[in-house]
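Turn these sequences into a full structure, and let the hints guide you.
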Amino acid sequence: MTVKVEANQISFSYKNFEALTNIDFTLENGKIYGLIGRNGAGKTSLLSLLAAYQKSTSGNLKIDGENIFENERAMAKVTFVHQVDYKDEYDTIPQFFELANRYRPTFDQQYAEQLVELFQLPTDKPLKELSTGMQSAFNVTIGLANRTPLTIFDEAYQGMDAPTREVFYNEILEEQERNPRLFILSTHLVSEMEYLFDEVLMIDKGKLIVKEDMGSLLQKGFSITGAIDDIEQVVSGLQVLSEQQLGGTKSVMVYGELPKEKEEEIKQKGLEIGSVSLHDLFIQLTKERNKDE
Amino acid sequence: MSETGKKIAFDLYSIQMKWVAWYLPIVYIAYFALVWFLNEPEIQSMSLLTFTFHTATIFMLVCGILSSTVFLPVFVKHGVSRKSYFQGSFFSAISLAITIIGVTAILSGGLSLFETNIFKDVVLSSLGPNSWLLTSITYFISVMIYYSVGWLIGTAFYRYGGPGGFISIVVALITVSLNDLLWEFGTPKPFMGLLNVSFPAPHVAISLAVSIVIATISIVSVYKIVKDTPIKVV
Numbered sequence: 002m003t004v005k006v007e008a009n010q011i012s013f014s015y016k017n018f019e020a021l022t023n024i025d026f027t028l029e030n031g032k033i034y035g036l037i038g039r040n041g042a043g044k045t046s047l048l049s050l051l052a053a054y055q056k057s058t059s060g061n062l063k064i065d066g067e068n069i070f071e072n073e074r075a076m077a078k079v080t081f082v083h084q085v086d087y088k089d090e091y092d093t094i095p096q097f098f099e100l101a102n103r104y105r106p107t108f109d110q111q112y113a114e115q116l117v118e119l120f121q122l123p124t125d126k127p128l129k130e131l132s133t134g135m136q137s138a139f140n141v142t143i144g145l146a147n148r149t150p151l152t153i154f155d156e157a158y159q160g161m162d163a164p165t166r167e168v169f170y171n172e173i174l175e176e177q178e179r180n181p182r183l184f185i186l187s188t189h190l191v192s193e194m195e196y197l198f199d200e201v202l203m204i205d206k207g208k209l210i211v212k213e214d215m216g217s218l219l220q221k222g223f224s225i226t227g228a229i230d231d232i233e234q235v236v237s238g239l240q241v242l243s244e245q246q247l248g249g250t251k252s253v254m255v256y257g258e259l260p261k262e263k264e265e266e267i268k269q270k271g272l273e274i275g276s277v278s279l280h281d282l283f284i285q286l287t288k289e290r291n292k293d294e
Numbered sequence: 095m096s097e098t099g100k101k102i103a104f105d106l107y108s109i110q111m112k113w114v115a116w117y118l119p120i121v122y123i124a125y126f127a128l129v130w131f132l133n134e135p136e137i138q139s140m141s142l143l144t145f146t147f148h149t150a151t152i153f154m155l156v157c158g159i160l161s162s163t164v165f166l167p168v169f170v171k172h173g174v175s176r177k178s179y180f181q182g183s184f185f186s187a188i189s190l191a192i193t194i195i196g197v198t199a200i201l202s203g204g205l206s207l208f209e210t211n212i213f214k215d216v217v218l219s220s221l222g223p224n225s226w227l228l229t230s231i232t233y234f235i236s237v238m239i240y241y242s243v244g245w246l247i248g249t250a251f252y253r254y255g256g257p258g259g260f261i262s263i264v265v266a267l268i269t270v271s272l273n274d275l276l277w278e279f280g281t282p283k284p285f286m287g288l289l290n291v292s293f294p295a296p297h298v299a300i301s302l303a304v305s306i307v308i309a310t311i312s313i314v315s316v317y318k319i320v321k322d323t324p325i326k327v328v
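In order, the protein sequences belong to chains R and H.
Reminder that position 180 of the first sequence reads as 181 in the working numbering, one-by-one numbering, no gaps.
Reminder that position 191 of the second sequence reads as 285 in the working numbering, one-by-one numbering, no gaps.
One or more hints might be untrue.
Below, a list of computed lysine-lysine pairs in the DSS-like style, where the Cα atoms sit at most 30 Å apart [stated by the list, open to error]: (1) Lys326(H) <-> Lys177(H); (2) Lys32(R) <-> Lys326(H); (3) Lys112(H) <-> Lys129(R); (4) Lys16(R) <-> Lys112(H); (5) Lys126(R) <-> Lys326(H); (6) Lys251(R) <-> Lys221(R); (7) Lys208(R) <-> Lys112(H); (8) Lys326(H) <-> Lys5(R); (9) Lys326(H) <-> Lys212(R); (10) Lys112(H) <-> Lys56(R); (11) Lys56(R) <-> Lys101(H); (12) Lys32(R) <-> Lys88(R); (13) Lys326(H) <-> Lys206(R); (14) Lys100(H) <-> Lys56(R); (15) Lys270(R) <-> Lys251(R); (16) Lys326(H) <-> Lys100(H); (17) Lys321(H) <-> Lys16(R); (18) Lys129(R) <-> Lys326(H); (19) Lys129(R) <-> Lys318(H); (20) Lys88(R) <-> Lys177(H); (21) Lys288(R) <-> Lys251(R); (22) Lys63(R) <-> Lys100(H); (23) Lys321(H) <-> Lys63(R); (24) Lys63(R) <-> Lys101(H); (25) Lys318(H) <-> Lys63(R); (26) Lys101(H) <-> Lys221(R); (27) Lys112(H) <-> Lys63(R); (28) Lys5(R) <-> Lys63(R); (29) Lys321(H) <-> Lys101(H); (30) Lys112(H) <-> Lys5(R).
Rather than coming from a laboratory, the hints here were simulated on the basis of the structure.
Here you go:
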C-alpha cells in the first residue's frame with residue numbers, strides 16, 4: 002500500500018469567503034499527520050477536498066498522481082471520518098458494515114467486529130439510540146476497518162470519555178504497525194494527541210503556516226529565561242512569540258533556528274533554555290498572526 | 095455504465111422495491127374497495143392501471159426527492175463518484191417504473207378477462223380501450239418525469255438550500271403541468287388549474303416525442319447539478 006498526497010496551490014472559496022489560500026504540501030505513506038488550527042481556520046475545508054466532498058476553486062490535489070475530485074480510483078483510497086448526525090438513523094451497526102463491505106474493497110469485517118467489542122458497542126440498537134461517544138466510536142470503527150490508504154479523522158473523538166479516547170489512540174498506533182497507511186488527525190486536543198504525530202500541519206486563517214516533522218518543530222520552539230536586560234539583548238532579531246515577566250526575571254518563547262552567535266551569547270550570560278510543547282507553540286503561533294493584523 | 099453504477103442501481107432498486115412491496119398492495123386494495131363500494135362513474139370507469147398510475151406519480155416524486163437528499167451523501171462517503179451514483183439512481187428509477195407499470199398492466203390485463211359486473215364500465219385509459227402498449231409506455235414516461243422532477247427538487251434543496259429549492263419546485267410544477275397538457279391524464283397540475291389553460295391534446299406521436307424531450311431535459315438538469323455538488327460534513 003503506497004500512497005502519496007500532493008497539494009499544489011490549493012485555494013477554496015465559498016459564499017465569497019476564501020477558506021483556503023495557496024496550500025502546498027506532500028504527504029507520505031506510513032506517517033501520522035496532525036492537522037491543527039483554530040476554529041474556522043480551514044481544517045475541515047481542506048479535509049473535505051481530500052475526501053472529494055468538495056472541489057477546490059483552484060490548484061491541484063492528487064493521490065498517487067491522480068486528481069481526487071470525481072475520480073473513483075482516487076476516492077476509493079480515502080476515508081473521511083467526521084461527526085455525523087444520526088438522529089434519524091434506524092439502521093444498526095451490522096447494517097452499516099454490510100454497506101461498507103459492499104462499497105469498500107479494503108473493508109475488514111473481522112477487524113470491524115473486534116473494534117465493536119473493544120469499544121463495547123451494542124449491535125442490536127439503531128444508531129440513533131447510541132450515545133454521542135458511542136456514535137463517535139462507531140465512526141472510528143468504520144474509519145479504521147475500511148483500511149483505506151488515506152484515513153482522515155476530523156475531531157473524531159467528540160463525546161468519547163477519556164478511557165475510550167485512549168483506546169482509539171492506541172488502536173491508531175497498533176494499526177499503523179500492522180497496516181501502515183497515511184493518517185490525518187485533525188484535533189483541538191493538541192496536548193493529548195501530540196505523541197501520535199509524526200508530522201504537524203498547522204493552518205491559520207486558511208493558510209498553511211507550519212508543515213514540519215514533529216521533532217524538528219519542537220526544536221524550533223524554545224524558551225529563554227533570565228534577567229530582563231540580558232533577555233532583551235539576546236532576543237533582538239529573534240521571532241518572539243510570547244513573553245512573561247516576574248520581578249526582575251523575564252521568560253520569552255522564541256520560534257525559529259537559533260544562530261550560533263546567539264547560542265554563545267546565551268551561554269555567556271548564563272540564561273536558561275527550556276523546551277516548549279506543541280500546545281504552546283500552537284497557541285502562540287496562531288495568536289501571533291492575530292496581533293500582526 | 096460503470097461497475098459501481100450497476101451495483102448502485104441494483105441496491106437502490108432493492109431498497110425502493112421494499113417500499114413498493116408496501117405501496118402497491120395498499121393501492122390495489124384501495125382500488126378494489128373504491129370500485130366495489132363507491133358508486134362514482136369516474137371511479138367505475140377507471141382501470142386498475144390508470145388508478146395506480148395516478149398514485150405512482152406521487153410515489154415516484156417522493157423516491158426522486160429522497161434519492162439525492164438521502165443516498166447521494168451516503169455513496170460519496172463510501173468513495174463512490176457522483177457520476178456512478180447518478181447512473182445507479184437513474185437506472186434504478188427506470189427499473190422501478192417498469193416494475194410498477196408492468197406488474198399493474200399484467201394484473202389489469204388479467205382482470206379484464208373476468209367478465210364481472212364490477213368491472214363492466216372500466217376503460218383502460220383515455221388513450222383507448224385496447225391501447226395496452228401505448229398506455230403502458232406513456233404512463234412509464236410520465237412517472238419517470240415525476241421521478242426526475244422529484245430528483246431535481248431534492249438535489250436543488252441539498253445543493254442550494256431554500257431559495258434554489260423553491261425555484262426547483264416552480265420548475266417542477268411547470269414541467270408536470272406541461273406533460274399533463276400533452277396527455278390530459280388528469281395528473282396533478284396546480285398551475286394550469288388556476289390559470290384554466292386548455293387546448294386540444296396534440297397527436298399521440300407529438301405528445302410522446304415532447305414527453306421524452308421533457309424527461310431528458312429534466313434528467314440532464316439533475317446531472318448538471320449533481321456532478322459537482324458539495325457533500326455536507328454533518
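field: Satisfaction of hint between Lys177(H) and Lys326(H), Cα-Cα up to 30 Å
entry: This hinted pair holds, its Cα atoms lying about 18 Å apart.
query: Under the criterion that the straight-line Cα-Cα distance not exceed 30 Å, is the pair Lys112(H), Lys5(R) satisfied?
result: The given pair, whose Cα atoms are some 42 Å apart, is violated under the 30 Å limit.
- prompt: Taking 30 Å as the top limit, are the C-alpha atoms of Lys321(H) and Lys16(R) close enough?
  reply: Holds, at roughly 19 Å.
message: Against the 30 Å threshold, does the CA-CA distance of Lys32(R) and Lys88(R) hold or violate the hint?
response: violated, 35 Å
task: Would you check the hint for Lys32(R) and Lys326(H), treating anything up to 30 Å between C-alpha atoms as holding?
output: holds, 27 Å
- request: Would you check the hint for Lys129(R) and Lys326(H), treating anything up to 30 Å between C-alpha atoms as holding?
  value: holds, 19 Å
query: Taking 30 Å as the top limit, are the C-alpha atoms of Lys326(H) and Lys212(R) close enough?
result: Given pair Lys326(H), Lys212(R) holds - Cα atoms ~27 Å apart, limit 30 Å.
message: Given the hinted pair Lys63(R) and Lys101(H), is their Cα-Cα distance within 30 Å?
response: This hinted pair holds, its Cα atoms lying about 26 Å apart.
- request: Verify the proposed pairing of Lys63(R) with Lys100(H), using a straight-line Cα cut of 30 Å.
  value: holds, 27 Å
Straight-line alpha-carbon gap Lys112(H) to Lys56(R), limit 30 Å: violated, 35 Å
message: Does Lys5(R) sit within 30 Å of Lys326(H), going by the straight-line distance between their CA atoms?
response: The given pair, whose Cα atoms are some 26 Å apart, holds under the 30 Å limit.
query: Straight-line Cα separation of Lys126(R) and Lys326(H) no greater than 30 Å?
result: holds, 26 Å
Of the numbered hints listed earlier, those contradicted by the structure are 4, 7, 10, 12, 19, 26, 27, 30.
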